[in-house]
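Undergrad: Top line first, the protein sequences correspond to chains X and B. The first sequence runs 1 to 214 under this note's numbering. The second sequence runs 1 to 172 under this note's numbering.
One or more hints might be untrue.
One-sided and incomplete, this derived list gives chain X residues near chain B with beta-carbon spacing under 8 Å [as the list claims (entries may be wrong)]:
1) 32
2) 40
3) 41
4) 209
If you want the ones that stay clear, here's a sample from chain B, every Cβ over 10 Å from chain X, calculated [as the list claims (entries may be wrong)]:
5) 2
6) 4
7) 144
Treat the hints as calculated values from the structure; they're not laboratory data. From a predicted model like this one, the values you see are computed outputs, not experimental measurements. Ideal placement from N, C-alpha and C gives every residue a C-beta, glycine not left out.
The residues making up each chain are set out below.
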Amino acid sequence: MGSDDIRASYLATGSGDSPADRERLDLIRGVLAEGAAWEEPPEGVVDGLLATIAGEGHPPTVEPAAQPRRRPWLLAAGAVAAIALLVIGVSSVLDDPIAETVVAMSGTDLAPAAAGIASLRPTPSGWYIRLDVSGLPAAPEGSYYEGWLWSDDHEGVSIGTFHFPAGADPVVLWSGVDVAEYPAIWVTLEDEGEGPEASDRIMMKGRVEDLVVG
Amino acid sequence: MDPEVLQRFRIGDESAVKAVYDRFGGPVFALSMSILGEAGLAADATQQTFIKAWRAASTYDPERSFSPWIYAIARRTAIDIYRKRARIVVSDQVDVVSMAPGLETVWEVFEVRSALDQLPDEERQVVKLSHFDGFTHREIANLLGIPVGTVKSRSHRAHQRLLGLLKHLEEM
Numbered sequence: 001m002g003s004d005d006i007r008a009s010y011l012a013t014g015s016g017d018s019p020a021d022r023e024r025l026d027l028i029r030g031v032l033a034e035g036a037a038w039e040e041p042p043e044g045v046v047d048g049l050l051a052t053i054a055g056e057g058h059p060p061t062v063e064p065a066a067q068p069r070r071r072p073w074l075l076a077a078g079a080v081a082a083i084a085l086l087v088i089g090v091s092s093v094l095d096d097p098i099a100e101t102v103v104a105m106s107g108t109d110l111a112p113a114a115a116g117i118a119s120l121r122p123t124p125s126g127w128y129i130r131l132d133v134s135g136l137p138a139a140p141e142g143s144y145y146e147g148w149l150w151s152d153d154h155e156g157v158s159i160g161t162f163h164f165p166a167g168a169d170p171v172v173l174w175s176g177v178d179v180a181e182y183p184a185i186w187v188t189l190e191d192e193g194e195g196p197e198a199s200d201r202i203m204m205k206g207r208v209e210d211l212v213v214g
Numbered sequence: 001m002d003p004e005v006l007q008r009f010r011i012g013d014e015s016a017v018k019a020v021y022d023r024f025g026g027p028v029f030a031l032s033m034s035i036l037g038e039a040g041l042a043a044d045a046t047q048q049t050f051i052k053a054w055r056a057a058s059t060y061d062p063e064r065s066f067s068p069w070i071y072a073i074a075r076r077t078a079i080d081i082y083r084k085r086a087r088i089v090v091s092d093q094v095d096v097v098s099m100a101p102g103l104e105t106v107w108e109v110f111e112v113r114s115a116l117d118q119l120p121d122e123e124r125q126v127v128k129l130s131h132f133d134g135f136t137h138r139e140i141a142n143l144l145g146i147p148v149g150t151v152k153s154r155s156h157r158a159h160q161r162l163l164g165l166l167k168h169l170e171e172m
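Here chain X stands alone, though its shape is the one from the complex (with noise of 0.2 Å):
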């Protein structure tokens, strides 16, 4: 019996010769006999979908609302923004999980595996911006991850700094300049006492090409 068989043998029954790979297959088994692989979405969801999409006739673009053009010295009073405004927290928004804006997020030649999004809202206080990725490595010791708009001027600002153990939570971020003018998402590598500036050890990279504000 080839490895293959043997494999397939011990995915279908659990049992028999053990694969190298029998973690793995206990944990597709286990997935197998869960409910929740094999149910349907019931038949309304994607009614409730097209008639929405129906509704809106194609994705909404919507331009932000107008705020003064920002300079460079915004790289230091984005960062202080960044962090008075998560001191302020983080309760009061996202009531509505539509309403806000996605955006791709690829890895790049240095975190090949990443991938996820970025959601931003516009609110009182700045943008809120959430990363929820995968395939991110963890921050090597001595070293953390940095976020960062881009304007296409070639202005960074920082939106706060985060370290991404397995299993993280999504990270939280905050700009006080507007996406707008700074379409650009950057996250970045930085080592520890190495100053503000953004190293160019970029990890992953999206950008705002239509502002969708639902």
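Given chain X, work out where chain B should sit, using these hints.
TA: Just chain B now, kept in the frame of chain X:
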């Protein structure tokens, strides 16, 4: 997923949304059920996921796999709903950080369901009767009115096919 469908989805084509839903509605619902545990909440999460995806379609990079993108939106949406609900339940302890159960395996749930949806119906049926319902091959044969040998061969083909479809999980 057909790249042409994804391209139409990316520019907001409504008919492409239905095609994308037909392919990923099951995995998104399975993921949502895994996190939320209630069909009604999972249905809400599934619908919100596809509405968000449609609204954000222009940000999807067609050079990248679609699956992790829709997965990330679905996972985030289900967790949001879970937390909102948890916040209501423990409204006097709003600062309690609550984590949805089963998050460790939610990617596997999404991928396994995605693989199951790609099996031929007759193979999928045998896998379900075996793993979920707990029937033996003989019981499945009696239930379906087919020879045991047919059940065994369908089961073997199905599990080999599943291994192939889930090969990328080895790299996670």
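Undergrad: Kindly indicate which numbered hints from before are broken by the structure, ordering the numbers from low to high.
TA: No hint contradicted; all consistent.
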